[in-house]
Amino acid sequence: MNEKHTPLLRLAKREAMSSGKRWAIRIAAIALALLAGGIVMALAGNNNPFAAYATILDGALGKKTAVRQTVKNFIPLLGTALAIAPCFKMKFWNIGAEGQITAGAVCATYFALFWAGRLPQVPLLLVMALAGMVGGGLWALVPAFFKARWGTNETLFTLMMNYIIIGFVKWLQGGPWEKQPKGSQQIAQFAENACLPKVAGVYCGWIIVLVLMVLMFLYMKYTKQGYEIAVVGESEATARYAGMNVGRIIMRTMSLSGAVAGLVGFLLVSGANNTLYDGVAGGVGFTAITVAWLAQLNPFGMAAISAILAVLEKGADTLQTRMGVPVAISDVITGILLFFMLGCEFFIQYRVIVRGHEEKEAAK
Amino acid sequence: MMCVEQEGAICLKGLTKRFGSVVANDKIDLELGRGEILALLGENGSGKTTLMNMISGIYFPDEGQIFVGGREVTIRSPKDAFDLGIGMIHQHYKLVDVFTAAENIVLGLPEKGKFDKRAIAQKVRQISERYGFDIDPDKKIYDMSVSEKQTVEIVKVLYRGADILILDEPTAVLTPQETDKLFAVLRNMKADGKAIVIITHKLHEVLDISDQVAVLRKGKYIGTVNTAETDAQKLTEMMVGHAVSLNIDRPEARYRDPRLEARHLTVVNKEGVRMLDDVSFLARGGEILGIAGVAGSGQKELLEAIAGLQKGAGSVLYYPPHPNSDLAGQHVPVDRDGEELLGKTPAQIQKIGVSLAFVPEDRLGMGLVAGMDMVDNMMLKTYVQGNGPFVDRKPPKELARRLIDELEIVTPGVSTPVRRLSGGNVQKVLVGREIASSPTVLMTAYPVRGLDINSSYTIYRLLNEQKMKGVAVLLVGEDLDVLLELCDRILVLCGGKVSAIVDARETSKEEVGLYMTHVGGREEEVK
Chain A
1 MNEKHTPLLR LAKREAMSSG KRWAIRIAAI ALALLAGGIV MALAGNNNPF
51 AAYATILDGA LGKKTAVRQT VKNFIPLLGT ALAIAPCFKM KFWNIGAEGQ
101 ITAGAVCATY FALFWAGRLP QVPLLLVMAL AGMVGGGLWA LVPAFFKARW
151 GTNETLFTLM MNYIIIGFVK WLQGGPWEKQ PKGSQQIAQF AENACLPKVA
201 GVYCGWIIVL VLMVLMFLYM KYTKQGYEIA VVGESEATAR YAGMNVGRII
251 MRTMSLSGAV AGLVGFLLVS GANNTLYDGV AGGVGFTAIT VAWLAQLNPF
301 GMAAISAILA VLEKGADTLQ TRMGVPVAIS DVITGILLFF MLGCEFFIQY
351 RVIVRGHEEK EAAK
Chain B
1001 MMCVEQEGAI CLKGLTKRFG SVVANDKIDL ELGRGEILAL LGENGSGKTT
1051 LMNMISGIYF PDEGQIFVGG REVTIRSPKD AFDLGIGMIH QHYKLVDVFT
1101 AAENIVLGLP EKGKFDKRAI AQKVRQISER YGFDIDPDKK IYDMSVSEKQ
1151 TVEIVKVLYR GADILILDEP TAVLTPQETD KLFAVLRNMK ADGKAIVIIT
1201 HKLHEVLDIS DQVAVLRKGK YIGTVNTAET DAQKLTEMMV GHAVSLNIDR
1251 PEARYRDPRL EARHLTVVNK EGVRMLDDVS FLARGGEILG IAGVAGSGQK
1301 ELLEAIAGLQ KGAGSVLYYP PHPNSDLAGQ HVPVDRDGEE LLGKTPAQIQ
1351 KIGVSLAFVP EDRLGMGLVA GMDMVDNMML KTYVQGNGPF VDRKPPKELA
1401 RRLIDELEIV TPGVSTPVRR LSGGNVQKVL VGREIASSPT VLMTAYPVRG
1451 LDINSSYTIY RLLNEQKMKG VAVLLVGEDL DVLLELCDRI LVLCGGKVSA
1501 IVDARETSKE EVGLYMTHVG GREEEVK
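Protein chains in written order, with my numbering: chain A, 1 to 364; chain B, 1001 to 1527.
These aren't lab readings, by the way, just hints derived from the structure by calculation.
Don't be surprised by glycine CBs; every beta carbon is placed ideally from N, CA and C.
Some clues are possibly wrong.
Said to hold, decoys possible - Quick list of the computed label-pair ranges, beta carbon to beta carbon:
# : chain 1 : residue 1 : chain 2 : residue 2 : range
1 : B       : Ala1232   : A       : Gln296    : 46 to 56 Å
2 : B       : Ser1437   : A       : Arg248    : 18 to 28 Å
3 : A       : Ala304    : B       : Gln1348   : 41 to 51 Å
4 : A       : Arg248    : B       : Ala1295   : 26 to 36 Å
What the hints assert, rightly or not - Cβ-to-Cβ under 7 Å is the rule here; a few derived chain A residues that face chain B:
# : residue
5 : Lys224
6 : Tyr241
7 : Gln349
Model the full structure from these sequences, guided by the hints.
This is the structure we're talking about:
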């Protein structure tokens, strides 16, 4: 056959790959991402990339106080990723976790501000947690209801809901909930009995999200509801054929998702900040989408990815103070990491054949 | 193998195509002269479509040579194929709905100058007259029937000057009468010196139209025989690799009690079109009721309305099996004088014992979850059983193992996603699950579509077993020969209306074909 007429590059679908080989490709992708990130760092500030990575690790994990801050970054990231996982499994694109966190935070804060004098710590915290979950759940139920009833687009709907609740918090900050004396545009710090206790130097939210991780794993994998979510996600027609009430499943799952996000909101106001402000979610609702996706919706994988991102985030702070590299570099590295990890899935699915190498490839 | 020096003929030598470790085509040789019709025969997955895709420029072969008109050629794209005079008519038509026939025919042609409608229409008419097509160049595609659309596809290819035509299962969507018309046209083209390759599953069509038959089996080239020197039995043996009985049983069941009665059932779809119009019939237990009709005549809506997946007006009554029969007592008790099914949810209808093994066009669209394994698919309708929030995967796992044994399902294991299984095995998984729920009414649509002969006969056997148990089987089918052999009665739908209900033992293919296009067999066209 005339060689020069063969196309230069061709794609062929792969047979199923062994899981060892799959993970080797993924690890190689991470290594390449770090390499590319190193080049960017070297170009951005003329720094030695190895020194920069060492600084990131040292800054995130080198000292006890640093580790605590890293864990503080880790908690909302994992919590929120767990929250959106069931929605994404159902192929309901909930990008409103940001708003659901904030809604939960608002409801929890109400009790922290106005019930702290009336209740002792444990019941107060339980009431706040419950309020957070109800708040987040109801906030998420609104777009789910419209989707189930009239088939509205959940992506835009959940996104827009974010701005409504964040605007509402701004109003609270400068209005009815503003601390005395007026003019600071801030809400008062919580009383001591409205704050989560610390365990091992960090507020106990880390225990809660780790327990949640196991529960979410069991829920998605072994419960009837988890099964329903998976079927609806694969095909709504099949779900209806199997006798499932698709609308009800959408609303129930979204409420659950919002409730978990609301619980994260409670953890943030009661544990991390001890107050409420409009940036309480701080973009974690969007970063969590990255986390959930990279982990392929596996809760344990989400913990690993959350840990990596938390280290990067904290390490980048140190990188700025010590080496003068802008903080935004951590976002750049996260982006590169995401690009490589999603990109490597392509090579797991397909094989690229270069002209003249057919036989060699086929022999494999 | 010789590759004759001849204009317009095509010859393949050692053509090989691999996908990963799968060899889809293994050293295929083929030769086709001008004025010849070659039927390409083979079971599903035998590599027919892969081979034709290589000739028409969609795939690029890994090894081997293609000769056109005695000259070795390289086909890298569909455009290369066109330039060599090779035209393919795909199973799924690629036409623009809002354009007329003439506009579709010239679409994409790099002709300079003004768009001259009259000249195009003139040329289209010329081609039509030459080969005996019936086509109106100014008719819009959305006004056309399936067979008219197919005609446009064929004329499109001829308009571009193709000498070698490849037709991929052209008769799958046609009525017997339309098939006859198509074959007449093909014979005219043959007389005009065109070389034609026709891919089909239907043996009697192969014998009817072709000069030669090339048989593929599991990617390998088995051989080419002259049609005049062979018969259905011999061809089947070449295709399958061993002797197969081609007779379909039609046993007589002992009980034939009324089971399901539709009265004036009407279904209007979202666009406001009447998909089912005043449909009335009675389906009995111990009987296979075939449902025939041109694709889109309301078959899907009928089954879905009964299963509770579509809203309908009128009435669908369900009569429980006799209390002394084997089927009694397995499902929730219902009104002996007829329980109304319309208005019930799919879950309620399933509990009564009405089971829908629906196999829609994309096969995995509704009955099964493609990304899930067999175990999870087995429990699709039963997962709610048992107390507590957790699912019990033990019974579905046992069922999956049992089905793999009993139905000889080929799969690496119960935890392989069903999307990885071949079409026949997917079908066995689906029908096996539905039968395992011991239904009293079993509805299936196109249960053997795309299946090889062995799998098809397994499915027929399963349906007959259910019938003998006293189950009412509703079978939507497309192959009239099979419906006539397997069913007890055939309900013919035409444009959403019941055109006729005939005794399958008495009727003929021609009669059913007539009812498919004319309500009650009247000669006027139904819109």
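Status of the hints after comparison with the structure:
For B/Ala1232 and A/Gln296, the hinted distance range of 46 to 56 Å is satisfied, since their beta carbons lie about 50 Å from each other. For the hinted restraint 18 to 28 Å between B/Ser1437 and A/Arg248, the CB-CB distance of approximately 23 Å keeps it satisfied. Hint check: A/Ala304 to B/Gln1348, Cβ distance near 45 Å, so the stated range 41 to 51 Å holds. Between A/Arg248 and B/Ala1295, the C-beta spacing of about 34 Å keeps the proposed range 26 to 36 Å intact.
Given hint, A/Lys224 at the interface with chain B, holds; its Cβ is 5 Å from that chain's nearest Cβ, closer than 7 Å. Because the beta carbon of A/Tyr241 sits about 5 Å from the nearest beta carbon in chain B, less than 7 Å, this interface hint is met. Because the beta carbon of A/Gln349 sits about 11 Å from the nearest beta carbon in chain B, more than 7 Å, this interface hint is broken.
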